[in-house]
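In order, the protein sequence lines correspond to chains A and B. Count along the first sequence starting at 1, add 552, and that's the number in this note's numbering. Count along the second sequence starting at 1, add 5, and that's the number in this note's numbering.
Hints should not be assumed to be uniformly reliable.
Pairwise CB distance ranges (calculated) [what the hints assert, rightly or not]:
#1 P658(A) x S63(B): 30 to 40 Å
#2 R72(B) x D664(A): 36 to 46 Å
#3 G44(B) x R734(A): 57 to 67 Å
Please keep in mind that the hints were generated in silico from the structure rather than gathered at the bench. Note that beta-carbon positions come from the ideal geometry of N, C-alpha and C, so glycine has one too.
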Amino acid sequence: MALSFVSLDCRGIRTRGGLVSLHKDLLVQADQLARLGPGRPKQSSLRRAVSSAYYGLFHLLTFEVSALYVVEPGLAARINRTLNHGEMKKASSMIANNNLPKALQPQGGGYDIQPEVRMVANAFVSLQQARHEADYDLSRTFRRQETLEFVQSAGKAFATWDRVRKTDDARLYLACLHLWERWNKDQR
Amino acid sequence: MALRDFWNSVRVGAKLFAPQAIVDSPRLDAEAIERALRGSTFWLTKAVVVGFQKDDFSFLPENERNRLAELVENFREVASTVSPAAPTSQAAIEKALPLFREIVERLGFDRYEDAEAFRIGKLIEEAIAPSKPPDLAELRFRSGLDHSGDPALWIWAFLTKEASENDEEFLKVAQKLRELLDPIARHVAPDRWPYLSFRSIVEESELVEAS
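Turn these sequences into a full structure, and let the hints guide you.
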């Protein structure tokens, strides 16, 4: 089975405490589902592919957020559970549009977030909406190549993230994913 | 508001009600529109073009705006000769039908799901016109709120048959189009998040097995 755009460099895929890399598996699964029954794909397969592509990126980012603090898998899992899709979307849409939370904005503005980080944030917002439509909106159909493109988008976000994950902007984005509300309050 | 009123009046008059999803909407050609209009003459009234103001279409190129205004004016003229209390004459129908059909065609109900999508879509199409990639067959637009209630714009880009013949080529072209369309959409409608999807113009008509 072709995995042309999710062929991640396994050296770049991190595991914690020997645990299987859930995010990578979800991405591979998304690709497999999108290619099932090429002639007449089932809507259920295509919709699950879109959903898996989003959750792959979601779990990659939550994995990285908890890794900012701890190594121990149990603690990391509990930190992951404090993240929510809504706040992650809000933070990602702002970061993708090159906006920092109010508390971090330099006086006079002028801070440019790394384009690669903005690209990952952009993919996160777009895939979250696609996942919502795939799971709940039965008024539209999904097509095979359309679905493959969503999976490609997630795959590119994975690859881009791997290149920039150690930068300040990437860590800042991760922190924003769960501190956005707090950091974006009006400063006194 | 007036743009939306006009948009809705024409759509209702032509009995082209909003599809389930614009992306799956069947193509509307002149013949299909005419067939629908010949089914009844309820559309032959000034009310179907209510709300039209030329200034509301400032986003259209001048020649398109002028042509739409001309069509509406001529249609109103014919409609004003029709009495609601008497049967509509064949002569009036034959005079009004090509005018109303062209108005319907120009509003592109199969490509723009709502009035705001029409406005933004036209601006985006105009922005890419000078460098329109040959692999792009068609764009479709919808405006609304996304799942979390934020203003959004959905754009479906349909790729040509040639660009969709194999998945590798399709994905390569889609990636290029994403890079082209995303910043343009953000520039044209900065208050709306652009959600882009890509389809093949061929795959559009392919049957999808119900799950």
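P658(A) and S63(B), beta-carbon distance inside 30 to 40 Å? Since the Cβ atoms of P658(A) and S63(B) sit about 38 Å apart, the hinted range of 30 to 40 Å holds.
Do the beta carbons of G44(B) and R734(A) sit within 57 to 67 Å of each other? At 60 Å between Cβs, range holds.
Taking 36 to 46 Å as the hint, is the beta-carbon distance of R72(B) and D664(A) inside that range? At 44 Å between Cβs, range holds.
Hint violations for this structure: none, all hints satisfied.
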